[in-house]
Amino acid sequence: MTQMFDQIFVIAKHWLLGYVPAVAQPLASAILSVVPVLIAFPLLFAITTVLERKGLGRIQNRYGPNRTGPAGFFQPIADGIKSLTKEDIVPLSADHIVHFLAPVLIVVAAFMAYAVLPIGRNMVILNLNAGVLFFFAIGSVVELSVFMAGWSSRSKYSLLGAMRAIAQMISYEVPLVLATVVVIMQAGSLSTVTIVERQAGYTGIWPHWYLFTPWGIVGFVLFMIAATAESNRSPFDLPEGESEIIAGYYIEYSGFKFALFFLGEYLGMFATSGMAITLFLGGWSAPLSVFTFVPSWIWFFAKLLVLIGGFIWIRGTLPRLRMDQLMNFAWEFILPMSLLNMLIAGVWHFMAPGVVRWLVCSAIIATPCILLSAGLRKKKRLMVRTYEFAE
Amino acid sequence: MIGNGILKGLTETARNFFGSYVGKDRLTTVQYPEERVPQIEAARNFPFLVFDGSDPNAGLRCVACQICEKECPPKCIFITKSADKKPDAVGKQQFYPAVFDIDISVCMSCQICVEVCPFDAIKMDVEYDLPTDDRFAGLLFKKDRLAKSNEYYHEIHPTEASAVDAALAAERAATAAKAKAAAEAAQAKAAAAAAAPAPEPQPVGGEKR
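Here the protein sequences come in this chain order: F and Z.
Numbered by our numbering, the letters in the first sequence go through residues 187 to 577 in order.
Numbered by our numbering, the letters in the second sequence go through residues 4 to 212 in order.
Quick caveat, the hints were computed from the structure, so don't treat them as lab data.
Certain hints may be false.
[Said to hold, decoys possible] Examples of chain F residues toward chain Z, derived with CB under 8 angstroms:
no., residue
1, N247
2, Y249
3, G502
4, T503
5, L507
6, M509
Here a beta-carbon is modelled for each residue, glycine too, at the ideal position from N, C-alpha and C.
Working from the sequences, and respecting the hints, build out all of it.
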């Protein structure tokens with residue numbers, strides 16, 4: 187019975203495929219795999235926007251949206267209708283084709299990343315044996331569309347915002363991938379399905395998640411920081427800093443194209459969160475062996491919601507970084523730590539299991555972490571600025 | 004260690020988040036159409052006309068002197084004087100406004116009309132919930148909409164209204180006394196005229212003294 191609930195979508199798909207003639211089956215199979223993802227994640231986007239606004243409101247001791255529908259939960263519908271009925275303004279001097287393609291491309295790229303995410307047991311659109319590589323390659327297309335948006339708008343603010351976004355995304359792409367490498371080293375595979383299967387076992391009731399290793403927890407934290415920067419979310423949301431460049435690269439977008447950028451950004455955030463779950467949090471596997479009766483896809487979405495909640499919490503807490511702080515943080519802390527993390531993963535692999543391994547690995551992490559943070563802090567020393575001529 | 008401040012901030016926001024569900028006093032937002040902030044006594048929005056008694060037409064304090072119309076900086080008041088007269092708040096025969104319009108879309112709530120009114124006839128209202136789908140006629144308030152009772156005035160500005168009432172009562176008493184004195188004088192004059200068979204032209208002031 188639990189097996190059936192776990193595989194209910196797989197069974198349903200095969201049942202539906204039985205009615206399709208053999209010639210059309212590959213196409214029908216692809217459609218049946220893709221369409222649920224195309225429905226589920228935009229729906230999650232809608233729910234997330236309202237949850238985020240309510241959560242941020244509560245963090246700031248406000249109510250948040252509570253007018254549209256029960257407790258404000260129809261707000262995304264109202265927002266959708268609003269953005270659909272708004273006038274779509276394209277600047278006269280904009281490159282119309284690229285201006286149109288940019289929001290489309292960002293959504294398409296974000297959706298393509300879901301192709302390799304195992305949402306449940308046997309529930310992955312495409313089991314590529316280089317799945318992780320595919321994921322990050324597709325993730326880079328988002329940068330392209332951001333630059334298309336910034337460049338084609340022919341606006342200084344757009345271009346500055348796009349420049350910031352590109353600089354930030356490229357800087358953080360490096361630690362994002364390097365934080366992933368440790369998992370690939372340990373799992374010995376680039377396939378997301380294999381990575382999850384390696385983590386799906388249990389010792390007693392405890393799962394074999396990569397999070398519960400020194401390199402795993404460091405890798406997870408580094409991955410999440412880099413993912414936050416990668417999805418342009420607070421505190422790394424300076425590509426859209428309202429006070430400086432208004433809305434960044436999508437300033438010249440209005441109506442539904444603007445909504446598409448939002449959708450693309452959130453889908454990218456879900457995809458990277460899904461990747462973090464796949465790599466470190468055991469994908470669809472239950473957190474304790476006693477909970478394995480709960481369907482695997484529920485666990486995936488539960489973990490995803492927890493990570494989204496974390497993103498919202500971080501957004502409600504931290505102020506926006508400055509550009510130099512952002513870059514220093516990426517190149518002077520995150521990158522060395524992720525390189526070091528690879529060393530730790532190697533040490534962990536070659537040492538005998540036990541307490542000693544834990545202590546050694548933790549020491550290798552803690553010392554440079556403290557040293558690096560002290561180094562970052564030293565730079566923050568404030569000085570009274572002296573002026574030569576303007577006294 | 005790096006991240007201490009971040010953890011501190013995260014606990015603070017978490018406390019806010021959960022606290023807002025537990026303690027209502029954290030949420031300072033007033034849910035406007037359902038809840039309203041109680042007005043302070045000095046609140047003011049747009050002017051209204053005070054009337055005494057129960058009939059807005061009979062009791063209107065305004066005597067159509069048109070001072071407010073002339074003083075109004077944005078010129079949002081329009082008054083037409085009546086042809087006939089009626090007794091005003093203190094009992095004198097006065098004109099009354101046949102038409103009294105205030106365009107609240109023009110009014111800037113400066114209260115100058117209230118300052119200049121010698122009859123305490125125009126006062127500031129506190130009502131701010133005045134939305135309308137007709138932005139011309141719906142925002143041009145006529146006399147019948149502007150006229151509000153003295154009781155209402157007491158309700159919204161109790162201290163001020165009591166002071167005005169006291170002043171008006173004193174004035175009313177003075178007017179009554181003056182009228183009585185005038186009536187007595189007239190009576191005395193009539194009596195004197197009746198007593199003296201040969202009427203001699205006498206200076207009026209002298210007789211009074």
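Any of the earlier hints contradicted here, and which numbers?
Those not satisfied are hints 5 and 6.
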